[in-house]
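Using the sequences plus the hints, can you model the full thing?
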Amino acid sequence: MVDITLRINGATCTGSPEARKTLADFLRDDLNLTGTHLGCEHGVCGACTVIVDGRAVRSCLMLAVQAAGSEVTTIEGLAPDGGLGTLQQAMWDSHSFQCGFCTPGFVMQAVAFLGDHPDAGEQQIREALSGNICRCTGYQSIIDGVLLAAERNRER
Amino acid sequence: MAAIAAERYTGASIKRSEDQRILTGAGRYVDDIKLPGMLHAAFVRSPLAHARVLSVDVTAARALPGVVAAFTGAELEEMTVPGPDALVALLGGAGPTPEFTLLATDKVRFAGDPVAIVIAESRYVAEDGCEIVEVGYDELPPVTNASFALDPGSPPLFANLGNNIARPHSRSEFGDVFATFADADRVMDFRIEVHRHQNVPMEGRGCVASYDAGLGVMTVCAATQSVHVSKIAVAMRLGIEQDKVRVLAGDVGGSFGLKIGASREELAVAAASRAVGRPVKWVEDRGENLTASGQAREESFDVRAAVSNDGDLLGLDVKMVIDTGSYPGMGTMVPATVEAMLPGPYKLAALGFESTAVTTNKAPYVAYRGPWASETFVRERVLDLIAKDLGLQPLEIRLRNVAPRTDPPSMMITGRPLAGVTTRESLERLAQVVDFPAFRRRQAEARARGRYLGIGVATFIEAAPGPRSPEGPTGPLGTESMRLRLEEDGIVALFTGQMPHGQSHQTTLAQIAADEFGVPFEQVHVVAGDTDVVPFGLTGGSRSATMAGGVALHGARQLKAKVLDFASHLMEASPRDLQITDGRVWVRGDPASAIAVAEVARRAASGQFGSGVDAHLEVEATFDGGEGGWSGGSHCAIVEVDAETGIVTVERYVVAEDCGALINPAIVEGQIRGGVAQGIGAVLLERSAYDEDGNCQSATFMDYLVPTACDIPRIEIEHLETVVLDADVNFRGVGEGGMIVAPPTVVNAIEDALSPFGVRIYEQHLPPARILELVAAGS
Amino acid sequence: MKLPHVDYEAPKTVSEAVELLAEHQDEASVLAGGQSLIPLLALRLAHPAVLIDINGIDELSAVSATDGWVAIGAMTREYLAEESGAVAEAVPLLAAALPLIGHEAIRSRGTIGGSLAHADPAAELPAVARALDAEFVVRGQSGERVVPAVEWFAGYLTTSRRPDELLVEVRFPTAGRGTGASFQEVARRHGDFAIVGLAASLTLSEGAISDARLAFAGISDVPVRAIDAEEFLIGEGPSPGLFDEAARRATDDIDPPADLHGSSEYRRKVAAALVRRSLRAAADNAYERQ
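Residue numbers (our numbering), protein chains in the order written: chain A, 81 to 236; chain B, 129 to 907; chain C, 323 to 612.
Read the hints as simulated data drawn from the structure, not as lab findings. We put the CB at the ideal spot given by N, CA and C, even for glycine. Please note that a few of the clues may not be correct.
Here are some chain B residues pointing at chain A (derived, C-beta under 7 Å) [as the list claims (entries may be wrong)]:
| hint | residue |
| --- | --- |
| 1 | Leu151 |
| 2 | Gly381 |
| 3 | Arg414 |
| 4 | Gly754 |
| 5 | Arg801 |
Listed next, the stretches of chain C that the computed footprint assigns to chain B, with coverage defined by at least 3 CB atoms under 8 Å from CB atoms of chain B [as the list claims (entries may be wrong)]:
| hint | region |
| --- | --- |
| 6 | 324–333 |
| 7 | 484–494 |
| 8 | 505–514 |
Here it is in structure tokens:
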């Protein structure tokens, strides 16, 4: 067991995970933040994506102990007070998702990407999201949601 | 379509009510469930494809700190009741029943076959426990392909079958096969193979099982397409009375046919939870999902086609072999549907069809989105091959062979009427949207510069739900039930046996009921996923648009009639003079009379009325599909093939589809695109691969490749929304169509691209290496 | 798919890390970015007794350009190397390869040193290092030594790092005027490992090729330099015919592995196609950098 302190969604959290416990499992099991999903546990599908110190990362490929001292944002922390952020609203408006299992990973990856590339075009967005797997949608509706969010961000 | 009240919701892309929770991480999937005292299960799985099990020693695992229990296959047999697969029993599966157990006892039959279950405080510890279970195996020669399975000398997987024939050869004939072939201008022979691939939902199978010994009640939270079918499976296998089993489901992360009934592992988990007296959770990881959950589509076809010199497809004679893997179930039932669907929308005069199902030491065959889809692949491939031989264009040969739309409708040679089929119109729509002559010019210019573009077309129909049959509805899925209740607070509650796993029923059924009843969309709640509360049902087979949409429509109408009957007592008006709009009941022509539906409900619940007034505002509705009908469409793909690397890019993909009336266009389009993506994936990327020893070589996402956002283009969709068959219910299903017709569409396009090399394609899986082999062989 | 038990150490300095490595030797795995190691652990294909997490060692993340070399600290995140102006300017072949490594989220955590110490022959960075004759600086109990790329890659997932040594820095030679680079690969999907990849660099001097580097990913258990083809190119003027011949010389005698994603013959053909395409692109880039 290793004692760790970190900030999750703006709040300070402590824990004592085993060294072998992934950040994904720590979030889901120890902190009850089950929005982050496990789709493969070997770093390919992206369903577990969270933001650590400003960068999108696959939480199944980080040990919880490695997040000590970091700022972590999960899907639950994107829009406090039960609202929807710009991207989430745009995805709702675009019918982006179906079964919803891949959704948190896509949302976190897209949030991180749009933050760094606010004027990205469709092809860039496709490449940026090509590390997230969705089995339901064929991706078009997800891309549309991201494009809509980018447009709305520019209108502000 | 007279009877829909105000078409405010139906037909519009209403935003989903599911999304508030989906987009904020508040969905509740099985792995999100935590119960007090809950334990976690993991399975010891065979590393060998075929072996006798000599010994299973769980002693060390039991002694590991954190492990609470471990059970062998034999121990689980003591705790459960033997029996057949519940889904197969439900659907009337045929063929001899091999004996098999929840976990392997005497034999393992595929690499990944579960042999023991370990229950521990965490999944981490359960896996630690699995690593120290010792199993003694006596290896047997593996049967890894159908031709060996057909050989009587192959070691039988099941002693009581004596060989590896899961369903013996049977042949049917429709029309005069002999004469059709004898009189044909030419007879062409092909062998066409479809490769093994699989569902791969983003969420694996899993459940949390919890047994209350005091009440004798087993509760299972499952990832499933039908809580009732799961319940039947659990009750049968655990020897518990059905009313003492409750199955719940929350959000389900995709399924595509995989999660129906209860798998051997889920039943083992339920039995184990009863034995240890604590809730037990098991969710399969991706390795288990890819190797052990089940696979599909591995089928081969020897096809003879009777053809006229002008391009009429007169008859087909087909021999099918289906590789059902190790524990036969769904796979034995697929050939019958393939046979029934093979003629498609064409004027076929004769069909001979025979099939054999074999067992092999690979994962079991499971239903995968359009399980019979190979019929469309075979037929649409054969048409292109015939066209090439005769110098015809793909659209041309199809238009020539499509059965005309007549009244009464033409009959498929296999017995079903082609009522309302708009294949001709969908092909013509493709020709309007895709400029074929311009493409041919571009193709020629590109070839001159060493670039290979191709165009492919394919068409299909699917029974979603299929035309009304003269004998009436058959089987437990022949009718759909729904309970509708006006709650005290004015909510119209729909209790449905549908179990959405991406289909958005929470939204679509509410749209229909809101329109029919007369309340705002937000005032309708769809309740699913609790066997104590919802009627029998199953989401699958592309039936929910018609069956569930239809029962929602008729049920809402019946509930409205009841409510108006009751309201007539409140409002001193005849029910005939009352209407409901925007959530208020009012006397026609007198807006001032309006009272809120919620107020009517409150009064009904108040108990103020005597037995002369029916204040019970609830109905149990059933719907048998009405006139039903076919869904279908034609797809077109434009691809580019890099002849040096074999990489295929899908440049453009166009769909002309007809599913009758659209409940929610965005949702219909999402279903189509998702299906097309799986079809593109099947051709270019996905294969469930085994080596000759039966080891699964596609056990991670690094080897089982699923398409990503860079692999699927924008898919253009034209909606035909034509023939009205039923007075009220003209929504037909689209769940499976994309996956059924996309593979031949893409393969046809690839063959067209490679025609300068003389390539002919008789298979569905075309990874880059295979493309280069075809190019080299052709040139 | 949960990780097995493992002890965990998080040294704060290179010396501490070296001490730990000396103590545990082959029983230890070094945890850098984790993007390759953690999947191996999750699949229970690796069972080290100890993980030595070097993410807390600050001194390993510098990028500096000096005297004809760009020195990159082993813990430099791939995304930072991608954003580095020094790398873009001075090591164009590395800059070309970096965006092809997996996906953004992988590059958020993956490190230059980690990838090169893992030495997957189908990965991009080993081919780049081999093409450029990069130098690997390792520190062990007996001090520091510098290993040239040709000696670094010893076999499949095997380097000549001794069990008590830590890779601390990788040095790439600066590309001179007239040097153009191209990294191309054929992968099943965007971001996947290369089925075959090629790191190519050409230097043009007065219209003739004065230096040529061709290093393959994915055709052997280590990255492979196509020395014959390189020597053939020297002194010649770029032309399609020249590149065709170079492709033949680079691939006629190779015997790539076969797997689910491609046969040996397929890899050989693709390798030849990549030589033609990469040389064309490298030559174009070289003209621009004259």
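Status of the hints after comparison with the structure:
1. Leu151: Check passed: Cβ of Leu151(B) comes within 4 Å of chain A, closer than 7 Å.
2. Gly381: holds, 3 Å
3. Arg414: holds, 4 Å
4. Gly754: violated, 27 Å
5. Arg801: holds, 3 Å
6. 324–333: holds (count 4)
7. 484–494: violated (count 0)
8. 505–514: Satisfied; 6 residues make the cut.
Violated hints for the displayed structure, listed by number in ascending order: 4 and 7.
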